Amino acid sequence: MHNIWVIAKREYKLFFISPIAYGLLFVTLLTLGGFLFLDILYATQTQAFVPNIQRTFQLFIFPLLFLSVPAITMRTLAEENRAGTLELLLTAPVTDWELVFGKWLGTFFFFVTSIALTLVYPLILNSIVDPGIDQGVLISGYIGLILITAAMSAIGVLVSSFFRNQVAALLVTFGVIILFWVIGSPAQLVDGVAADVLRYLSLTEHFYDSFLIGLVRIQDVVYYLSMTAIALFLGSISVEARRWR
Amino acid sequence: MIRVSNLTKDYGSRRAISDLTFNIEKGEIVAFLGPNGAGKTTTMRILSGYMPPSQGIVEVNGFDIIEQSLEVRRLVGYLPETVPLYPDLSVFEYLKFMADLRKIKQAEDRVDEVIEMVRLGDRSNSYIGNLSKGMRQRVGLAQALLHKPEVLILDEPTIGLDPAQIIEVRNLIREVGREHTVLLSTHILPEAQQVCSRVLIINKGKIVAEDTTENLQNRLTGSVRFRIRLRGDASAAAQKIGQIHGVLHAQAADTDLVEFESAPGQDVRAEAARVIVQSGLDLLELQPASLSLEDIFLQLTQEEEPAPTPELGQPEPAPEMEA
Chain H
1 MHNIWVIAKR EYKLFFISPI AYGLLFVTLL TLGGFLFLDI LYATQTQAFV
51 PNIQRTFQLF IFPLLFLSVP AITMRTLAEE NRAGTLELLL TAPVTDWELV
101 FGKWLGTFFF FVTSIALTLV YPLILNSIVD PGIDQGVLIS GYIGLILITA
151 AMSAIGVLVS SFFRNQVAAL LVTFGVIILF WVIGSPAQLV DGVAADVLRY
201 LSLTEHFYDS FLIGLVRIQD VVYYLSMTAI ALFLGSISVE ARRWR
Chain P
1 MIRVSNLTKD YGSRRAISDL TFNIEKGEIV AFLGPNGAGK TTTMRILSGY
51 MPPSQGIVEV NGFDIIEQSL EVRRLVGYLP ETVPLYPDLS VFEYLKFMAD
101 LRKIKQAEDR VDEVIEMVRL GDRSNSYIGN LSKGMRQRVG LAQALLHKPE
151 VLILDEPTIG LDPAQIIEVR NLIREVGREH TVLLSTHILP EAQQVCSRVL
201 IINKGKIVAE DTTENLQNRL TGSVRFRIRL RGDASAAAQK IGQIHGVLHA
251 QAADTDLVEF ESAPGQDVRA EAARVIVQSG LDLLELQPAS LSLEDIFLQL
301 TQEEEPAPTP ELGQPEPAPE MEA
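Residue numbers (full-length UniProt numbering), protein chains in the order written: chain H, 1 to 245; chain P, 1 to 323.
If you're looking for bench data, these hints aren't it; they were derived computationally from the structure. Note that the structure is predicted; figures quoted are calculated from it, not measured. Honestly, I wouldn't trust all of these hints.
Stated by the list, open to error - In silico contact screen, one side only, chain P against chain H (beta carbon under 7 Å); selected entries: (1) G49; (2) M51; (3) D88; (4) D100.
Yeah, the Cβ is synthetic: ideal placement off N, Cα and C, and Gly gets one too.
Given the sequences, and given the hints that come with them, work out the whole structure.
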């Protein structure tokens, strides 16, 4: 536990001396703020709809998380591997699992920080819309957002452990996230168990039909947590396998 | 302290080291000498717990390198060949991070202490990316010393340092070696002679010689060689020196240079100097002509059978996946 914390802390601090992190925070806040502003403007002019917080969640996941998760996680293990500092960490009294988990925890905290910054938008919206925004959707949406980020960044750390080249890690992470995003689609063409399995694996199904409409269902929470755990477990196997080559 | 028996490491089909067996006792400073690609780095990586051997047993202080890897890693301080540093951190931050990973108590005090040991006190808050190569090497060394390791493994510790720093680092190693066991690798024979009590010479993944530094040289040459620089007739001087009792062989190597070999165990330097001065020549220099590492290698490898697999002599492998 101590080692996980030490590694996570360093990882987290490193983001705030890296230009990539600030760039992503800038793009995230600009995009979300811009769309929210346009929504409010459009809604007041046309009176056709009430601006809602769901749109912020949807935008945050796609395209923002799709881009920022690979960009943030690509460095984690690939860069240590390229720079030779992995040799330092693998000869320190730290288990491979602690290393991978600590790396993930640091990036996860970074995403939680950036998610926390977006809380300003529901606050603004709440003060504009009458009678205020749906508190249930607000809470479930943020829980879902945090869970989906946990799973995605675990995939990113896993992929990063395969490479020494950050760009390769970025592209493959992007591909894997897209794969899990669309994996539910073929479910319409097949039926029975295969369809259920495909739907269950989908990152989308567990968010859009539950967290986004104000539900916090135990099966969805379990899904995201197990995706995170499996990816990190495979990540520690991958680091260990690196020793045997 | 370190027991290695029948250690073998394969990278795919290529055998990097084969059947190494050696022991290192507590308090010894041992040098690993060998050309590039001989298997020094591979052996050190195995001893540090970075990667497991393909075959063979390695024990550090009684702990098995595979079964009790964490215990071994707690005992070992390791400086890899490419110094593992985070350029975005300051010297202090980097060492503090490593001290925390090693669960050192009063980490900040110990970090300051180690920074003083490697004489980087005034650069403690500099980013590592802005340091010179020699300073980075010393930061790496500080990292290896942090937890007062029982065993210190240093892969080419003086590479890239200027002569003054080399002397400093050698002194530091000798100092540390009083209480700890040190294994270091080097290309440089005089370095091994100055710092180490014992030398393991490794070539093509095999130990080709193992002895104390003095014995090794004597055994290899079977005699002691000297070189005299003088002003005057070198060939006449060579003739006179050749007549001294105990001198096996003398010749004029140049117009002002005489080389001679004496039988082992006989010190003929005083006599040789007297002969030259008495014959009216000016003695400018008298020095032992030690064999270079290349000479020793030539001798050792010529005695050996030709290596069965020719690819063994290739440069040190990168075990990581290329991606």
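Interface hint status, G49(P) versus chain H (Cβ within 7 Å): Nearest chain H Cβ about 5 Å off; hint holds.
Using the nearest Cβ pair, does D100(P) come within less than 7 Å of chain H? holds (4 Å)
Against chain H, is M51(P) within 7 Å by beta-carbon distance? holds (5 Å)
Classify the hint on D88(P) as holds or violated, based on whether any CB of chain H lies nearer than 7 Å to its CB. holds (5 Å)
When held up to the earlier numbered hints, the structure conflicts with none and fits them all.
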